[in-house]
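The lines below spell out each chain.
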Amino acid sequence: MIEISVNGRTQSVDAEPDTPLLWVLRDWLGMTGTKYGCGIAQCGACSVLVDGQAMRSCQVPVESVAGQQILTIEAMADHPVGKKVVEAWVAAQAPQCGYCQSGQVIAATGMLLQTPKPTEDDIAGAMTNLCRCGTYLDIAAAVKRAAETA
Amino acid sequence: MNSITRPSLPPGGIANLSRRGLLGAAGIGTLLLGFGLPTAARAQKGPPMSRHATAVAAYLQIRPDGTIRLLSPFVEGGQGIATSSAQIIAEELDADPAQFVVECAPAGAEYQIMFGDQVRFTGGSFSTRASYTTFRKLGATARAMLVQAAAQRWGVPTAEVTTSPGRVLHAASSRSLGYGELAEAAAKLPVPADASLKDAAQFRVIGKPTPRLDVRAKSTGAAKYGIDSAAPGMLQAAIAHAPRLGQEPATLGNEAAVRAMPGVHSVHRLPGAVAVLADRWWRARQAVEALEIGWTGGTLPEDFSSASQLAGFKAAAGGAAQVAETRGDLEAGMRGAAKVVEAEYDAPYLAHAQLEPPSALAVFAADGTLDLTMPNQAPEMYREVAAKLAGLQPGQVRIHSPLLGGFFGRHFLYDTANVFPQAIALAKAVGRPVKVIWSREEEFRRDAYRPLSYTKLRAGLDAQGMPVALQAVAVGEGPLGRHMAGFLANPKVDDSVVEGLTEKPYGIAHHRVDYVHSKQPVNIGFWRSVAHSMNDFFYESFLDELAVTAGRDPFEYRMALLAGSPRHATLLKAAAELSGGWQRGPYDAADGTKRARGCAMASPFGSEVATIAEVSLKDGEVVVHHLWVAIDPGQIVNPAIVAAQVRSAAAIGLSSALLEEVVFEKGEPQALNFDAYPILPPARMPQISVRIVESGAPMGGVGEPGTPGVPPAVANAVAALTGQRIRSLPLAKARLGTT
Numbered sequence: 001m002i003e004i005s006v007n008g009r010t011q012s013v014d015a016e017p018d019t020p021l022l023w024v025l026r027d028w029l030g031m032t033g034t035k036y037g038c039g040i041a042q043c044g045a046c047s048v049l050v051d052g053q054a055m056r057s058c059q060v061p062v063e064s065v066a067g068q069q070i071l072t073i074e075a076m077a078d079h080p081v082g083k084k085v086v087e088a089w090v091a092a093q094a095p096q097c098g099y100c101q102s103g104q105v106i107a108a109t110g111m112l113l114q115t116p117k118p119t120e121d122d123i124a125g126a127m128t129n130l131c132r133c134g135t136y137l138d139i140a141a142a143v144k145r146a147a148e149t150a
Numbered sequence: 151m152n153s154i155t156r157p158s159l160p161p162g163g164i165a166n167l168s169r170r171g172l173l174g175a176a177g178i179g180t181l182l183l184g185f186g187l188p189t190a191a192r193a194q195k196g197p198p199m200s201r202h203a204t205a206v207a208a209y210l211q212i213r214p215d216g217t218i219r220l221l222s223p224f225v226e227g228g229q230g231i232a233t234s235s236a237q238i239i240a241e242e243l244d245a246d247p248a249q250f251v252v253e254c255a256p257a258g259a260e261y262q263i264m265f266g267d268q269v270r271f272t273g274g275s276f277s278t279r280a281s282y283t284t285f286r287k288l289g290a291t292a293r294a295m296l297v298q299a300a301a302q303r304w305g306v307p308t309a310e311v312t313t314s315p316g317r318v319l320h321a322a323s324s325r326s327l328g329y330g331e332l333a334e335a336a337a338k339l340p341v342p343a344d345a346s347l348k349d350a351a352q353f354r355v356i357g358k359p360t361p362r363l364d365v366r367a368k369s370t371g372a373a374k375y376g377i378d379s380a381a382p383g384m385l386q387a388a389i390a391h392a393p394r395l396g397q398e399p400a401t402l403g404n405e406a407a408v409r410a411m412p413g414v415h416s417v418h419r420l421p422g423a424v425a426v427l428a429d430r431w432w433r434a435r436q437a438v439e440a441l442e443i444g445w446t447g448g449t450l451p452e453d454f455s456s457a458s459q460l461a462g463f464k465a466a467a468g469g470a471a472q473v474a475e476t477r478g479d480l481e482a483g484m485r486g487a488a489k490v491v492e493a494e495y496d497a498p499y500l501a502h503a504q505l506e507p508p509s510a511l512a513v514f515a516a517d518g519t520l521d522l523t524m525p526n527q528a529p530e531m532y533r534e535v536a537a538k539l540a541g542l543q544p545g546q547v548r549i550h551s552p553l554l555g556g557f558f559g560r561h562f563l564y565d566t567a568n569v570f571p572q573a574i575a576l577a578k579a580v581g582r583p584v585k586v587i588w589s590r591e592e593e594f595r596r597d598a599y600r601p602l603s604y605t606k607l608r609a610g611l612d613a614q615g616m617p618v619a620l621q622a623v624a625v626g627e628g629p630l631g632r633h634m635a636g637f638l639a640n641p642k643v644d645d646s647v648v649e650g651l652t653e654k655p656y657g658i659a660h661h662r663v664d665y666v667h668s669k670q671p672v673n674i675g676f677w678r679s680v681a682h683s684m685n686d687f688f689y690e691s692f693l694d695e696l697a698v699t700a701g702r703d704p705f706e707y708r709m710a711l712l713a714g715s716p717r718h719a720t721l722l723k724a725a726a727e728l729s730g731g732w733q734r735g736p737y738d739a740a741d742g743t744k745r746a747r748g749c750a751m752a753s754p755f756g757s758e759v760a761t762i763a764e765v766s767l768k769d770g771e772v773v774v775h776h777l778w779v780a781i782d783p784g785q786i787v788n789p790a791i792v793a794a795q796v797r798s799a800a801a802i803g804l805s806s807a808l809l810e811e812v813v814f815e816k817g818e819p820q821a822l823n824f825d826a827y828p829i830l831p832p833a834r835m836p837q838i839s840v841r842i843v844e845s846g847a848p849m850g851g852v853g854e855p856g857t858p859g860v861p862p863a864v865a866n867a868v869a870a871l872t873g874q875r876i877r878s879l880p881l882a883k884a885r886l887g888t889t
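Residue numbers (this note's numbering), protein chains in the order written: chain A, 1 to 150; chain B, 151 to 889.
Incorrect hints may have been included.
Unchecked claim - Listing some non-contacts, in silico: residues in chain A with all C-beta distances to chain B over 10 angstroms:
1) Arg-9
2) Thr-10
3) Asp-51
4) Gln-53
5) Ala-66
6) Val-81
7) Thr-119
8) Thr-149
As the list claims (entries may be wrong) - Distance condition first, Cα-Cα at most 20 angstroms in a straight line; then the derived SDA-like pairs of lysine to any residue:
9) Lys-84(A) / Pro-361(B)
10) Lys-374(B) / Gln-93(A)
11) Lys-338(B) / Gln-302(B)
Said to hold, decoys possible - Covered by chain B, according to a simulated footprint, are these stretches of chain A (three or more residues, beta-carbon under 8 angstroms):
12) 13-22
13) 120-132
Since the hints were derived computationally from the structure, they do not count as laboratory data. All figures in this text were calculated on a predicted structure; none of them were measured in a lab. Yeah, the Cβ is synthetic: ideal placement off N, Cα and C, and Gly gets one too.
Using the sequences and the hints, build the whole thing.
Okay, here's the thing in structure tokens:
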């Protein structure tokens, strides 16, 4: 059994230690807001916050985050920075199909936690998740709005 | 898929087209329904109205709290159809669209509202234009029933009863009731056939940028997709597909060891694949990857490659051709020309690369009936095949159609590219619910790709350099002919190969499009804007070549050719205005880069589009700074959704122009994930400006039309900047330098 803290709750899971955090969240804990897109940390749909840092959970072995604070998209509406990001996302009408947007919201929240007043370069460096609907301009508008209110 | 509304289709009913694909070979017959489309449905000027337009109970449920559930014929996958449908109905119902909860309807005849009520699917940019009048009538009918119910309850004439959004009012007695309080009584009333529609001048919802209904759920992780579905007692399946299409599993070297891996339930041979079932998907995936599988056979030859397919098309180009479209006398026009220009163009296989990997959940109930949950664009078509595979009647199969994590044409019936036959076979085999998820790699292996294509173009120019004759010879095979042959207007011409070469707006006296059918062994599918996605690149690039040959500006050249087509001339001018006035360049930008612009027209899916692109070069790579897109869909429902769809469509068009290519070597696709198949990343996203022109023409599509103008506009800009003419996509293959 591995103990992990997800959204403030400690949970025990019987997964193999090298199981990616993504699949522990989705299959062991039934938290499907975090998405599987590529499995090789290319797309970012699986992003979660680990101790405030955005990480691509498909490449994070669950044993490596034992004892750390994991926050997923399900916690963002009640998170002091995350909720501002969510509101900015809604105001900018950023999502289309929405599948990548959990990861996008997490990436933006992670950036604002590290860098509350991001420059254009900070944003370009942090917001690298893929969106097949091409909502990048709307995401950029949402990030800007979130940075102004965060 | 323009052909479906083209006025040259023969009248017809429903034809059963039995075909044997891999599943057939494995002893499970597949059945595809082909639909001929009745002339009457196509002949209507405005959007057609379904006879189900008054089937209020099938579509709308007004709940006591005033929320309104719509069972929509269409599936939401980011295109905004749930919201725009709610807007149309809310307009006539007199309700607030924000009160709507929209779900995709199950399979059923009452939801088949397209093309004379024979079919429904979500695709071809058809949803809004195919349902606009039907949804208005639906809303008006429901409102009339609420008014009637209120009049009866209050004992007043219906003429004295009015509505405000969500409420019924009787002004004389200052009484009012919420729709939710009247819904039960209203539902018991006879359905009126004569509810009248509003005057468009009174619209308060249609034409407004109503916020999309699902944005909050999609920003908080609450939105559920097919891949998120679950059932009690469910096993999960991971798949290993044969490396080459048509190969079958022959040997499993270490099956016993794999069966002993954590969580593993069982190992199964499937047509063209091996599956492992486990309690968790990750465990199933680990196990299936550990399997030592020997494969045999293969329908895709071992020596097949994209390059060999292109060579095959080139060799076939001189063969027997069907005339897809003709005007004037091509050869006479060519004989009279002062100069003849020729060029060959090609475009590669493309993957859909929708971000949600495909899945299917199959659950057999105790009575033997089947629940299937999976991304799909056509519930009745899926149900037909699923029933056959499960040995059931269609009425014993319930199709659940969750939100799509992107689709772009991915989720039609595509034989080996569908997941649900595997889920049905596995659920049957183990007697438990089974969810199959294809890993990204297995998806790239078995996608139904945008076809590789090749076209020869030839033009005769007069002494002034203007084209008097133009011929396009399209070679290949399209998804319509492959998967939905019953939709073909003319069975000898696959419109999903030639659209975009046909129906051009330019005043060229002698014009002919020929089609040479040449099969390709790869599975092919509809990809956003279908044949327009390559043909508009071919044609509009070639037109640019003609302008350059004539020594004329490409924009002015097009304007001259559009003299007889004011709708298109207006639109091209609108795009130029949007870009601050046409200039081809090269010119020096304020940031020190040298830039140039290209333009292109396209007429996809009943809409018209003009696109201008601005590019520069950086380290031999194209940088696209700005796209200006003017679109005329005739009339629209939600300008914010239209603009969002145009930006999205332009982005995928740019992605295809710059980066995308599925390469086959030795019968296998080489790229199996986003590391080797890059899609447009945020860093390469340009600014996109959109202008919507509502000309009042019959309503056209919106989801796809923004795509096809982008590749030629970019390639034409590159030609303006570098003098290099790109005739083969993607641009990433070319070495570019400024002259």
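Status of each hint after checking the structure:
1. In this structure Arg-9(A) is separated from chain B by more than 10 angstroms, as the shortest Cβ-Cβ distance comes to about 16 angstroms.
2. Chain B leaves Thr-10(A) outside its interface by the beta-carbon criterion, the shortest separation being 21 angstroms against a cut-off of 10 angstroms.
3. At the 10 angstroms boundary, the C-beta of Asp-51(A) stays outside the reach of chain B, the nearest C-beta of that chain being 20 angstroms off.
4. With a least CB separation of 19 angstroms from chain B, Gln-53(A) remains clear of the 10 angstroms interface cut-off, as annotated.
5. Listed as outside the interface, Ala-66(A) is consistent with that label: its C-beta sits roughly 17 angstroms from the nearest C-beta of chain B, beyond the 10 angstroms cut-off.
6. At roughly 14 angstroms, the least C-beta separation between Val-81(A) and chain B is larger than 10 angstroms, which holds for a residue marked as non-interface.
7. With a least beta-carbon separation of about 15 angstroms from chain B, Thr-119(A) lies farther than 10 angstroms from that chain, consistent with its non-interface assignment.
8. With a cut of 10 angstroms on Cβ distances, Thr-149(A) stays outside the contact zone with chain B, its closest approach being about 15 angstroms.
9. A distance of roughly 18 angstroms separates the Cα atoms of Lys-84(A) and Pro-361(B); the hinted pair therefore holds under the 20 angstroms criterion.
10. Between Lys-374(B) and Gln-93(A) the CA atoms are separated by roughly 18 angstroms; this keeps the pair inside 20 angstroms, and the hint holds.
11. As the CA atoms of Lys-338(B) and Gln-302(B) are separated by approximately 12 angstroms, the hinted pair is consistent with the 20 angstroms bound.
12. A count of 4 residues in the segment 13-22 of chain A with a Cβ less than 8 angstroms from any Cβ of chain B is obtained; the coverage claim is therefore met, three being the minimum.
13. With 7 residues having a beta carbon nearer than 8 angstroms to a beta carbon of chain B, the segment 120-132 of chain A meets the requirement of three or more and the stated coverage holds.
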